[in-house]
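Peer 1: Below, each chain spelled out in residue letters.
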Amino acid sequence: MPIVIDHRPGKQVTPPGPRQKRDPAPSRLKYRLERMWLKPLYRRVLRVGVPAFLLALVGGLWLADEDRRAMLTDNVTSVVTKVQSRDEFQVRVMTIEGASPVVDRALRAMLPVDLPASSFDIDLAALRLQVMQLDAIETIDLRVKPGGVLSAVVKERDPAILWRHARGIDMLDAGGHRVASVTSREVRPELPMISGEGADLATVEALALFDAAGPILPRVRGLVRRGERRWDLVLDHGQRILLPETGAVIALEAAIALDRAEDMLGRDIVTVDLRDPQRPVLRLGIDARNTVRTARGLPLLAPDGTVLPEETEG
Amino acid sequence: MADLYQTQRAMRNMRGAALQRGVIGILDIGTSKIACLVLRFDGTGTFRETDGVGPMAGQVNFRVIGAASTRSRGMRRGEIETMAETERAIRTVVAAAQKVAGVRVDHVIACLSGGRPSSYGLAGEITLASGKVGDQDVAQALAACDPPDFGRGREVLHAQPVNFAVDNRSNLADPRDHLGNKLFCDMHVLTVDGDVIGNLVQCIRRCDLELAGIASAPYASARASLVEDEQELGSACIDFGGGGTGVSIFIKKHMIFSDHVPIGGNLITQDIAQGLRVNLPLAERLKTLNGGVEATGRDDRDMIDVGGETGDWEADRRQVSRADVIGVMRPRVEEILEHVREVLDAAGFDCMPSQQIVLTGGGSQIPGLDGLATRILGPNVRCGRPLRIDGLAHQLTDPSFSSAVGLALFAAHPQDEWWDFEMLADRYPARSLRRAYRWFKNNW
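So the protein sequences, as listed, match chains W and X.
Under my numbering, the final residue of the first sequence carries the number 314; numbering is consecutive throughout.
Under my numbering, the final residue of the second sequence carries the number 758; numbering is consecutive throughout.
No farther apart than 30 Å at their CA atoms in a straight line, the calculated lysine-lysine pairs in the DSBU-like style are these: (1) 496(X) with 755(X); (2) 39(W) with 413(X); (3) 496(X) with 566(X); (4) 567(X) with 496(X); (5) 347(X) with 413(X); (6) 347(X) with 39(W); (7) 413(X) with 30(W); (8) 446(X) with 567(X); (9) 496(X) with 446(X); (10) 446(X) with 566(X); (11) 347(X) with 30(W); (12) 446(X) with 755(X).
Covered stretches of chain X (in silico footprint by chain W; criterion: 3 or more residues with CB under 8 Å from a CB of chain W, positions within the stretch not fixed): (13) 400 to 408; (14) 416 to 422.
Selected chain X positions facing chain W (Cβ under 10 Å, derived; list incomplete): (15) 384; (16) 387; (17) 412; (18) 413; (19) 520; (20) 521; (21) 522.
Since the hints were made in silico from the structure, they are not lab data.
We put the beta carbon where it would ideally sit given N, CA and C, even for glycine.
With these hints in hand, go ahead and build the complete structure from the sequences.
Peer 2: Put into structure tokens, the structure is as follows:
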């Protein structure tokens, strides 16, 4: 507040307005810079190149120190582990459904980490691949459920057939995949038996044959794969039915029909050869042939098929 | 004239380069304002129908992407008086137009209104040796035009062949391959003061711009404001500028005469300032807002405040009537029109088949000017606005921008000039490969 107030008109000092630019023309330097700025190359370099270069420079200089790099990686890993080991990601229990006790134990042993563990440490896809290598398991559904439960829903393979081969006896499922080994036939007497090289590749046909063998099933010992192309049906008393490569089931049904009509298999017949469906061949047993030979007055045959020397009377 | 041939050819090549890059600037340097348009040429020539701009006069293959205008500085009577000031004004307007366009302008086409233009009609005649007109014959006929003594320091701005005739067949636009014994050609040459052009070139070069062409302002404004029929049948375009009034006469789509009356709008402003004792900005304001040439009784009652900041109450509360303004303006406008009349008489405008007169330029916006011009110049007078071109803002379409628009048309489709034709064979440099090629072509 001034001491003396001047009340005379027209003397008020008006504040100077914003300083007016005297010359509207851009200076020569500004003009040149503006024109340079309008060049696309300069524009791109200044807008993208220079900031990118500065960022890279600062980052590079900061990272040039070994200690800082180590510190940075430590920090990153600690943050990652802190997040991964949070309570929400912990898996505490493993539940297994649909598995027999043996498979259950094997599955639990296969889990690479001890529970409780973080769900980030359990690689479900790898675990699944590993589990699928177990022959007894057909499918497995592995998932981490909320509440920290690792759930495994297992479908085991059903053993359908026994396969005797050079290294022992295996149980196969209907598709021919190995389920488990058994020590002897008596462990699973209810399963039919096949043998021979490549028999596991034709289990479907084998099962169809066993189904077709209905009436003579009690007499069936098993099926033998011959030359990886056809089956022999082996009955007790050393009888065999040689089945053709194609149409084996029909041939077997024909043989069973013959048996029903004429009690073919109850007679002394060693082999029923049905390999050529047009021309079934029977091979008689040695007793039958000797009976025939006696009736015809021919010399008898030994059990190995050789002709015995004629016994001279007296 | 061979030297001129080379420089003008170089400017044509520069124009071609600019068209290839697609951006060219138009710089209309007038006495009262400087306008800059930035044109983008898209090579396809596809026509975009936008707000009533039709595909009329070949303005289809470019559009205006930036435009600016500013008060002119350092100019007097269409000539550069103070170089540095004009350079600053050019920098202002080019920077503004570039900013609007978002592209850099490297090549400009400028126009020149002053420089005491004088036009000459030349005639040349050759005998055709082969009985047929070839490229070289046209060049020879053009070279046979006998130029008069233009005077010291005069430069040729336009040299347009306006007519070709073979024997008795005249009015040929393109005489090539015509059969006959004699080839005649008429050429219109416009010369201006060489130093004025030199100053303009220097000024533009100091703004880091390349000159890709130069045209006379009356020619440019006539190309923008005369419609095609008027150009064909004969008409005069009168460009009322700030520093002078340009006159150009067109017939058969060619300019045949051009002159310049060194009285313009600035002188009217000066008259008002002196006659009514007001300052120049106020005089300019009075002229543009309240000016006119026909006083009516109502104008006596139409009082205008011409206050000032002198502190003198009597002077600051002064009023003038509109009739006073008109009374000051009218004698000067009449004087301009009388001068134009003299120029037209000297050019023989009375003998033209159609005597259409088109008024354009900023001064043509004076109300009642066409009525006055009808009384002085002739019955067929109209006020012409420039052709609509694509992308030009509406406030830049009034008559004062007709020379800028005309320059844009000139940039897109320049009329054939002498230097667009084939060069005469003996004008080639002695060891030129093209000379050898030409010799082989002519002898086998």
